[in-house]
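Assemble chain B onto chain A, guided by the hints.
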Amino acid sequence: MLFHDTALVYGRYLRQSLRSRFALLFGVLMPLLYLFFFGPLLTGLPLGGRGSSWQVLVPGLLLQLGLFGASFAGFSIILEKGQGVVERLRVTPVSRLALLLGRVLRDATVFVFQAVLLVLAAVAMGLRAPLPGVLIGFAFVALLTVSLASLSYALAMKLDTPHSFGPAINALTMPSMLLSGLMLPMSLGPAWLDALSHLVPFRYLVDAVRDAYVGSYTSAPMLYGVLVAVAFTALSVTVGTRVFRTAGA
Amino acid sequence: MALITTTGLSRTFRTKRGPVQAVRGIDLTVREGEILGFLGPNGAGKTTTLRMLTTLLAPTGGSATVAGHDLAADPAGVRRACGYVAQSGGADPQITVREELVTQGRLYRLPRARAAERAEELARDLDLAELLDRPCGALSGGQRRRLDIAMALTHRPRVLFLDEPTTGLDPGSRADLWELVRGLRDEHGTTVFLTTHYLDEADALSDRLVVVDGGVVAAEGTPSALKLRYAGSVDASLQDTFLAITGRTATPADAAPVAV
Chain A
0 MLFHDTALVY GRYLRQSLRS RFALLFGVLM PLLYLFFFGP LLTGLPLGGR GSSWQVLVPG
60 LLLQLGLFGA SFAGFSIILE KGQGVVERLR VTPVSRLALL LGRVLRDATV FVFQAVLLVL
120 AAVAMGLRAP LPGVLIGFAF VALLTVSLAS LSYALAMKLD TPHSFGPAIN ALTMPSMLLS
180 GLMLPMSLGP AWLDALSHLV PFRYLVDAVR DAYVGSYTSA PMLYGVLVAV AFTALSVTVG
240 TRVFRTAGA
Chain B
0 MALITTTGLS RTFRTKRGPV QAVRGIDLTV REGEILGFLG PNGAGKTTTL RMLTTLLAPT
60 GGSATVAGHD LAADPAGVRR ACGYVAQSGG ADPQITVREE LVTQGRLYRL PRARAAERAE
120 ELARDLDLAE LLDRPCGALS GGQRRRLDIA MALTHRPRVL FLDEPTTGLD PGSRADLWEL
180 VRGLRDEHGT TVFLTTHYLD EADALSDRLV VVDGGVVAAE GTPSALKLRY AGSVDASLQD
240 TFLAITGRTA TPADAAPVAV
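Top line first, the protein sequences correspond to chains A and B.
According to numbering that gives the first Met the number 0, the residues represented by the first sequence are 0 to 248, in order.
According to numbering that gives the first Met the number 0, the residues represented by the second sequence are 0 to 259, in order.
If you are wondering where the hints come from, they were derived from the structure by calculation, not from laboratory data.
Predicted, not measured: the structure shown is a model, and the values here were computed from it.
All C-beta atoms in this analysis are idealised placements derived from N, C-alpha and C, irrespective of residue type, glycine included.
A couple of the hints might just be wrong.
Coverage of chain A stretches by chain B, computed from C-beta distances (three or more under 8 Å per stretch; other residues unrestricted) [stated by the list, open to error]:
(1) 75-83
(2) 86-96
Among the chain A residues that face chain B by a calculated CB cut under 8 Å, a handful are [said to hold, decoys possible]:
(3) Leu7
(4) Arg11
(5) Gln15
(6) Arg18
Next up, chain A with everything else stripped away, as it sits in the complex (with noise of 0.2 Å):
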């Protein structure tokens, strides 16, 4: 039953997304405006890390493309609960979890085919990475909008009041993308702050990428961003589940 029911909350919020083609090409806009006119600025200067610009600047995209896009996922969470659609579904047998992985799983798809794109636009502004390390890198993406979606619509279904949902998402995401050195290799900056960097979790996540795009699948950091990454999702479908099962929402 939970796959029947996630199947049928996946599709319905699938076909929410193909409706609104717009939405779907929005989300990649920011990352892109940071491919056109940021990354040129950083073709020659020494980043320290191995390969192109390109291969250091790309991963970091990728991953703020998924913090920035699924940790406002709960946004639509909230539209609904006004709309009365989250009581209509919550009243009916559905499975409670596969409220939360339909919706979750919808966000990873649209996310990866995001990423997909930014990928390509990457691709003819001279990024040059082994197909594998891509493939790893939409993997890692697919993780991390699981996981920020489903503390979003956790944190969706608990507040009361939606106009603090906004702030409360970028007092999180803003100090995230920065000191996870999403722009820039954090190896680049004093001890203080890479030591700093090393207690927020997708730091592990972005220099596992980056190893992926030179082709090093088998080093510590990859290791190390594996692990991050598959227990900050345990962790936040855990919550997500949680929530979902109790909420009186």
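Below, chain B without anything else, positioned relative to chain A:
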């Protein structure tokens, strides 16, 4: 036979300013095939009670059974037995009427083909057949309400909960909805539990009334029994009866009007 029984059903919300007892202890019985009007002033706990009886909100005290299923022990059984129409409705304005009805059928575990058939049946019964391919957001208030009810009837529930179903509807749509509710009971034996602020509606539609105030049952009985007991005459208006029960006015029914 009692279809719904509650004993001391209560709900306390924890807020920053301390606990708020929205429902203090509701004891009531709803008989099978009955149309029950659930009345009370704003904030009396009507919607909270409905949300508890439909498993949307866990009670903090007391117990209830709906169609033989215990609310705490068998919420899935309660969900199969009841349909619920919230004040806000529950359709996504972007989605077509057909897609919402089919999805609802699938949520109640109907196979795909059967869900499509059921959507057609419901659309026919609720006069939505012409509107199946319109987005829900394009429907009028009365049409929206019929769609909400159609969704709630997907699985032919034994009890239908309606939370202020006619609020915001024009007189014609209200009259249609009354007919619909009576028809459900007369033709399918569906038990209907409805809240309303329109006392003429409660009077015209309900077999029995339960008046709640301050989170407890303040009075219950047939409309005429309540009129006789609280307003002094079976010919009294339900308005006066309601005010006498809830103490919202200091004027007794027979007092001389105060000079203006």
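* Checking C-beta pairs, does the stretch 86-96 of chain A have three or more residues closer than 8 Å to chain B? -> holds (count 8)
* To do: Confirm or reject the coverage of the stretch 75-83 of chain A by chain B under the rule of 3 or more residues with a beta carbon closer than 8 Å to the chain's beta carbons.
  => That given contact holds, which follows from 4 residues of the stretch 75-83 of chain A lying within Cβ reach (below 8 Å) of chain B.
* Do the numbers back the hint for A/Arg18, that is, is its least Cβ distance to chain B under 8 Å? -> holds, 6 Å
* Asked: Holds or violated: is there a CB of chain B closer than 8 Å to the CB of A/Leu7?
  -> holds, 5 Å
* To do: Would you settle whether the hint for A/Arg11 is holds or violated, based on the nearest Cβ-Cβ distance to chain B being less than 8 Å?
  => holds, 6 Å
* Have a go at the A/Gln15 hint: is there a Cβ in chain B nearer than 8 Å to its own Cβ? => Holds, because the Cβ-Cβ distance from A/Gln15 to chain B comes to roughly 7 Å (cut-off 8 Å).
Hint compliance for this structure: every hint is met.
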